[in-house]
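Undergrad: Turn these sequences into a full structure, and let the hints guide you.
Number of protein chains: 2
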Amino acid sequence: MKAATIRDGQILVEEHPDPVPGTGELLVRVRAAGLNGADMMQKRGYYPAPPGAPQDIPGLELAGEVVARGPAATRFAEGDRVMSIVGGGGQAELAVVHERLLMPVPDTLDWPAAGGFPEVFTTAHDALFTQAQLGSGERLLVHGGAGGVGTAGIQLGRAVGARVTATVRNPASRDAVAELGATVVAPESFAEQGPFDVILELVGAPNLGPDLDALAMMGRIAVIGIGAGAKGELNLGKLVGKRGRIHGSMLRARPLEEKALTARLVERHVLPLVASGAVRVPIAKTFPLADAAAAYEYFAAGGKVGKVVLLP
Amino acid sequence: MKAATIRDGQILVEEHPDPVPGTGELLVRVRAAGLNGADMMQKRGYYPAPPGAPQDIPGLELAGEVVARGPAATRFAEGDRVMSIVGGGGQAELAVVHERLLMPVPDTLDWPAAGGFPEVFTTAHDALFTQAQLGSGERLLVHGGAGGVGTAGIQLGRAVGARVTATVRNPASRDAVAELGATVVAPESFAEQGPFDVILELVGAPNLGPDLDALAMMGRIAVIGIGAGAKGELNLGKLVGKRGRIHGSMLRARPLEEKALTARLVERHVLPLVASGAVRVPIAKTFPLADAAAAYEYFAAGGKVGKVVLLP
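Residue numbers (the working numbering), protein chains in the order written: chain W, 1 to 312; chain B, 1 to 312.
Since the hints were made in silico from the structure, they are not lab data. Nothing false has been slipped in among the hints.
Partial pick of chain B residues on the chain W-facing surface, computed with a CB cut under 8 Å:
hint: 1; residue: Ala-205
hint: 2; residue: Val-223
hint: 3; residue: Ala-230
hint: 4; residue: Lys-231
hint: 5; residue: Leu-236
hint: 6; residue: Gly-237
hint: 7; residue: Gly-241
hint: 8; residue: Arg-243
hint: 9; residue: Ile-246
hint: 10; residue: Ser-249
Computed cross-link-like contacts, BS3-like style, restricted to lysine-lysine with a CA-CA straight-line distance of at most 27 Å:
hint: 11; chain 1: W; residue 1: Lys-242; chain 2: B; residue 2: Lys-259
hint: 12; chain 1: B; residue 1: Lys-231; chain 2: W; residue 2: Lys-231
hint: 13; chain 1: B; residue 1: Lys-2; chain 2: B; residue 2: Lys-285
hint: 14; chain 1: B; residue 1: Lys-242; chain 2: B; residue 2: Lys-231
hint: 15; chain 1: W; residue 1: Lys-43; chain 2: W; residue 2: Lys-2
hint: 16; chain 1: B; residue 1: Lys-242; chain 2: W; residue 2: Lys-231
hint: 17; chain 1: B; residue 1: Lys-242; chain 2: W; residue 2: Lys-242
hint: 18; chain 1: W; residue 1: Lys-242; chain 2: B; residue 2: Lys-238
hint: 19; chain 1: W; residue 1: Lys-242; chain 2: B; residue 2: Lys-231
hint: 20; chain 1: W; residue 1: Lys-238; chain 2: B; residue 2: Lys-238
hint: 21; chain 1: B; residue 1: Lys-304; chain 2: B; residue 2: Lys-43
hint: 22; chain 1: B; residue 1: Lys-43; chain 2: B; residue 2: Lys-231
hint: 23; chain 1: B; residue 1: Lys-285; chain 2: B; residue 2: Lys-43
hint: 24; chain 1: W; residue 1: Lys-259; chain 2: B; residue 2: Lys-238
Heads up, the beta-carbon is just placed ideally off N, CA and C, and yes, glycines get one too.
TA: Take a look at the structure:
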């Protein structure tokens, strides 16, 4: 099979042996595989794949058709449309995935949308609800509202009755993000919209001080991205005075059972919203697998709205 | 009535009008009232009493006998032994307390122990369980293990089957703290005992970096004291990588309904441990109310094990 391949900091497309499904696993013919910020870090050598995942094939999510089943795999049949997060190896023609990680693809999602759904919606759902316990009527701030996790977070917040503000850096992207249901502001002026009960932090340490200032009493900050910096000053006095909470989180390093649990939560709480049309997957651009290098360049340039997806 | 009184940074004992219980409130003849770190801050002018509490009479906890009931107060009868946290005004001969804040005093607690129980056991229970969700088998680190909250936290951790390590600065106090069930270490060497699932942070920002280094995967840091400093560097990369959580919390500023809920939780989960003898209230020293200034000096000097309690 052909697969995107990281070699010496470059993205190539190379031939690899076809993977073979083991016990409880399915072989999936990948139709679409989204790019994520973690792929950019892995390309630069900063974010190795976890043990058990392909080390040189990037890709944290995929959608496709089941083409073969390993021993004891019974949840899906050959031909079923499935999607999932994976520890790596998603950006390839074929991938092996444990059946407990897979979700069915609703009819409302075409292949590009299905390939761009799992990582960002699982990340946003886990951060907003499993961790930060966002509820109706609360005020949610989404940093980086135009990106994949941002567009997912805005829509999930709206779907549960939260009031959503999003920061968007590129002025040309603001209307598209506002259409998802957020009050859109420039990154330097979010404080005026607060205080916020929940803040989805996708930028990093430079936001830590302003986030804490804009946090409501008993507010929660869910940190899932630190691209702009890891280290910043924390004022514990303010955190104590506001009785606030800061969560750090990542999906990739989680063991099978935890990833499978997130898949069940997304099936139960998000797929019905996708099926009803309440939530959609904004796609910035698709690329054939052969143009993987161009897709990575496009992703890294920023300024887009929604997902960048490879189509093997 | 006589009461400890803060004036110009000094502790005096002065005459005040007797308080009168309103609807749902009880008048309590105070038999014992513990000192807490917050009293030291209030004396220095840093920590004003919340609205509705006596502004110049310190004291965040008390134990005593019901001597009169306001309209619609039905939970206790005259003569009942009661104890509670209060927003202020505990260090006096008489105090008015809403009946929903009061707890019955188990027979196993004499007056000094009852007067030193509410604040530190409520604080420790709230931080360890309501916030950090400490469970059996987990490793708990208690910073400042010889103090009131520290001795409460160690015993509550042990009672639920956690493995407890405590830092104690004064070598002379270590044996007494170890008898409560903790592995006792000097403050500079706790990292060797980790990693820890839950850290009860009573010292402040200087511990933030070492705490995060010693935190286990999915660990929780509950910050309830910042006497050694409020501002410190937080490495969000480590917090994300460990999927950790930092809580800030305080009891004093909470509204009636939240304080009443903590009282119900302590009644249900801690008073049975007190009644059975599994948990006790270490008393460092008691003082008559007339010697309140000396009690504050003794508290501020540190190096003690357990509570300092005034006996009006």
